[in-house]
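Take these sequences, add in the hints, and give me the full structure.
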Amino acid sequence: MVFFFQNMINALQWGSFYALIALGYSMVYSILMLFNFAHGDIFMVGAYIGFGVSTGILALTAGGAIALPNWLILVLTILFSMVLTSFVGMLVERIGYRPLRDAPRASAAITGLMIGIILETGNLALLGARRVSFPSLIQTATYNFGGVYVTNKKIMIVVVSLVLMLALDQFIRRTKWGMAIRAMAFDYLAVPLMGVSINTIARMTFAIGSALAAVAGILFGTAYPVLDPYMGVLFGWKAFVAAILGGRGSIMGACLAGFLLGFIEIFVAMIFPSTLRDLIAYSIIMLILTFRPHGFFGEPYSARLRL
Amino acid sequence: MALLQVEKMTHYFGGLRAVYNYHLSIDTGQIQGLIGPNGAGKSTIFNLITGIYTPTEGDIRLEGKSILGYKPHEVAAMGLGRTFQNMQLWRHMTVLEHVKMARYSKLHYGLLGAFFQTAARNREEAESEKKAHHFLKMFGVDHFADQNIHNLPYGAQRRVEMARALATEPKVLFLDEPTAGMNPEELKQMVATIRRVHEELGLAIFLIEHRLRVVMELCESIQTLVFGEVIAEGTPEEIRNDPKVIEAYLGKDLVE
Numbered sequence: 001m002v003f004f005f006q007n008m009i010n011a012l013q014w015g016s017f018y019a020l021i022a023l024g025y026s027m028v029y030s031i032l033m034l035f036n037f038a039h040g041d042i043f044m045v046g047a048y049i050g051f052g053v054s055t056g057i058l059a060l061t062a063g064g065a066i067a068l069p070n071w072l073i074l075v076l077t078i079l080f081s082m083v084l085t086s087f088v089g090m091l092v093e094r095i096g097y098r099p100l101r102d103a104p105r106a107s108a109a110i111t112g113l114m115i116g117i118i119l120e121t122g123n124l125a126l127l128g129a130r131r132v133s134f135p136s137l138i139q140t141a142t143y144n145f146g147g148v149y150v151t152n153k154k155i156m157i158v159v160v161s162l163v164l165m166l167a168l169d170q171f172i173r174r175t176k177w178g179m180a181i182r183a184m185a186f187d188y189l190a191v192p193l194m195g196v197s198i199n200t201i202a203r204m205t206f207a208i209g210s211a212l213a214a215v216a217g218i219l220f221g222t223a224y225p226v227l228d229p230y231m232g233v234l235f236g237w238k239a240f241v242a243a244i245l246g247g248r249g250s251i252m253g254a255c256l257a258g259f260l261l262g263f264i265e266i267f268v269a270m271i272f273p274s275t276l277r278d279l280i281a282y283s284i285i286m287l288i289l290t291f292r293p294h295g296f297f298g299e300p301y302s303a304r305l306r307l
Numbered sequence: 001m002a003l004l005q006v007e008k009m010t011h012y013f014g015g016l017r018a019v020y021n022y023h024l025s026i027d028t029g030q031i032q033g034l035i036g037p038n039g040a041g042k043s044t045i046f047n048l049i050t051g052i053y054t055p056t057e058g059d060i061r062l063e064g065k066s067i068l069g070y071k072p073h074e075v076a077a078m079g080l081g082r083t084f085q086n087m088q089l090w091r092h093m094t095v096l097e098h099v100k101m102a103r104y105s106k107l108h109y110g111l112l113g114a115f116f117q118t119a120a121r122n123r124e125e126a127e128s129e130k131k132a133h134h135f136l137k138m139f140g141v142d143h144f145a146d147q148n149i150h151n152l153p154y155g156a157q158r159r160v161e162m163a164r165a166l167a168t169e170p171k172v173l174f175l176d177e178p179t180a181g182m183n184p185e186e187l188k189q190m191v192a193t194i195r196r197v198h199e200e201l202g203l204a205i206f207l208i209e210h211r212l213r214v215v216m217e218l219c220e221s222i223q224t225l226v227f228g229e230v231i232a233e234g235t236p237e238e239i240r241n242d243p244k245v246i247e248a249y250l251g252k253d254l255v256e
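Chains A and B, in that order, give the protein sequences. Residues 1 to 307 (the numbering used here) make up the first sequence, in order. Residues 1 to 256 (the numbering used here) make up the second sequence, in order.
Errors might be hidden in some of the hints.
As the list claims (entries may be wrong) - Label pairs and their computed distance ranges (CB to CB):
| # | chain 1 | residue 1 | chain 2 | residue 2 | range |
| --- | --- | --- | --- | --- | --- |
| 1 | B | F116 | A | L91 | 39 to 49 Å |
| 2 | B | N151 | A | L60 | 49 to 59 Å |
| 3 | B | F116 | A | L72 | 18 to 28 Å |
| 4 | A | M33 | B | Y249 | 35 to 45 Å |
| 5 | B | D27 | A | M114 | 50 to 60 Å |
What the hints assert, rightly or not - Over 12 Å on every C-beta distance to chain A, these chain B residues come out as not near it, computed from the model:
| # | residue |
| --- | --- |
| 6 | E74 |
| 7 | K106 |
| 8 | L107 |
| 9 | I246 |
For the record, the hints were derived by calculation from the structure and aren't laboratory data. Beta carbons: idealized from backbone N, C-alpha and C, even for Gly.
What follows is the structure, given as structure tokens:
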């Protein structure tokens with residue numbers, strides 16, 4: 001039982017990463033009907049921006065210019081990186097996807113893959129082919145709950161992710177922009193007639209998705225402090241699987257499937273050798289998709305003509 | 001100067017001439033009708049004027065100002081509201097949300113206001129909700145306010161779509177076949193509703209219709225479009241007796 005709970009905690013942590021990234025895939029898909037295949041690399045960019053911001057703030061405090069407690073540095077890092085990464089996301093939308101709004105979806109998908117490669121190799125060119133280590137801002141503290149060991153970092157990761165998911169849910173439900181995003185997910189044509197710019201909503205959706213990916217990147221960096229330019233590739237694909245499993249375009253589905261993916265991976269590794277983890281985990285998911293091809297919350301519908 | 005004026009508008013889709021030398025002039029309070037057989041280019045004219053397409057040639061002026069080249073959301077904000085032939089509704093959104101969405105550009109609160117639920121934001125939201133109910137009442141669908149749109153009967157969905165278009169407070173309302181697919185009872189109600197809304201708000205209405213009876217009953221002036229060209233224009237009486245219109249609708253043999 002103790003063993004089970006221990007793994008549960010790990011699964012929640014991994015699920016948080018997947019869910020945060022999967023949200024970006026799902027939101028963009030729901031309004032533009034395209035999968036932003038560069039999103040995994042946005043996660044990587046977010047992690048690197050977080051690395052840059054936190055290193056910068058640490059340098060300032062070390063120079064004696066300002067004195068800040070470490071937890072505040074982490075909060076500032078998250079906030080600044082969310083803003084900066086959302087600009088990267090908006091740039092990707094503006095340069096990569098907007099000119100292709102009327103193009104076949106396959107062109108947009110290929111553009112996404114290319115943007116991904118550009119972001120990865122751009123990073124290589126900028127920082128060189130070495131791994132960087134994310135500064136450790138919080139000291140790991142381990143708590144023992146009846147034999148289950150929980151670190152403060154794991155608690156922080158899960159709590160921050162859940163808070164952001166709830167905030168996104170409220171945003172989608174309760175604000176005018178959220179309403180516009182929902183409307184655009186159902187019908188493209190009528191939205192501009194309400195005086196709402198489709199470009200504004202598209203830009204906003206990319207910004208939100210990228211900001212969430214940045215948080216995932218920073219949280220990942222605090223738990224596993226080694227960053228490399230290709231860290232986003234496998235993560236991106238796995239989160240994409242979560243977005244499909246949750247149901248294309250479903251926010252709730254993306255969150256739940258992200259966590260489910262975490263659980264399956266961790267519990268497969270619990271029983272089988274860890275080298276077989278992904279092989280078995282993704283076979284299970286393929287089996288699920290065989291019976292639920294539209295995912296948990298997706299529904300079959302045909303793509304309509306786009307403006 | 002008419003409220004909405006279209007001059008010498010021509011549009012090509014590649015090599016296909018969809019609309020040729022179209023002109024239009026609508027004043028406040030007027031109901032203008034546009035009829036024509038399937039594929040005549042009626043909906044294309046709507047799409048051209050509301051900014052979904054940009055005409056190849058010609059000019060469109062609203063209150064004397066050219067609206068050519070503006071995006072659909074900008075044209076909508078300037079005062080052109082419309083409905084669609086096959087209602088573009090948002091599945092899984094409530095009736096109230098449909099109409100609240102139309103108030104989007106009238107909500108001015110920012111992200112911070114939304115985040116902290118400021119008094120100004122709550123006031124604006126409450127105001128927009130009140131307005132939304134007002135428009136729903138006008139179309140007799142207020143009792144559906146909290147229902148999902150796809151649970152409503154067809155006729156009621158059409159009414160919600162019209163309420164949504166009116167909630168943007170347009171100067172000219174474009175109705176694309178508002179009675180399409182309706183049974184005779186729903187049709188009668190819809191005609192009465194359009195007339196009542198027109199009297200209450202006194203706005204200009206531009207109506208595409210397939211059924212001659214509806215246009216004849218509602219419009220003071222009617223254009224007949226065939227292959228993208230206006231072949232006849234005039235009062236319902238004149239249109240009814242125009243041999244060219246009868247030919248377009250019923251075929252040449254019957255005229256002879």
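Kindly indicate which numbered hints from before are broken by the structure, ordering the numbers from low to high. Per hint list: 1, 6, 7, 8 violated.
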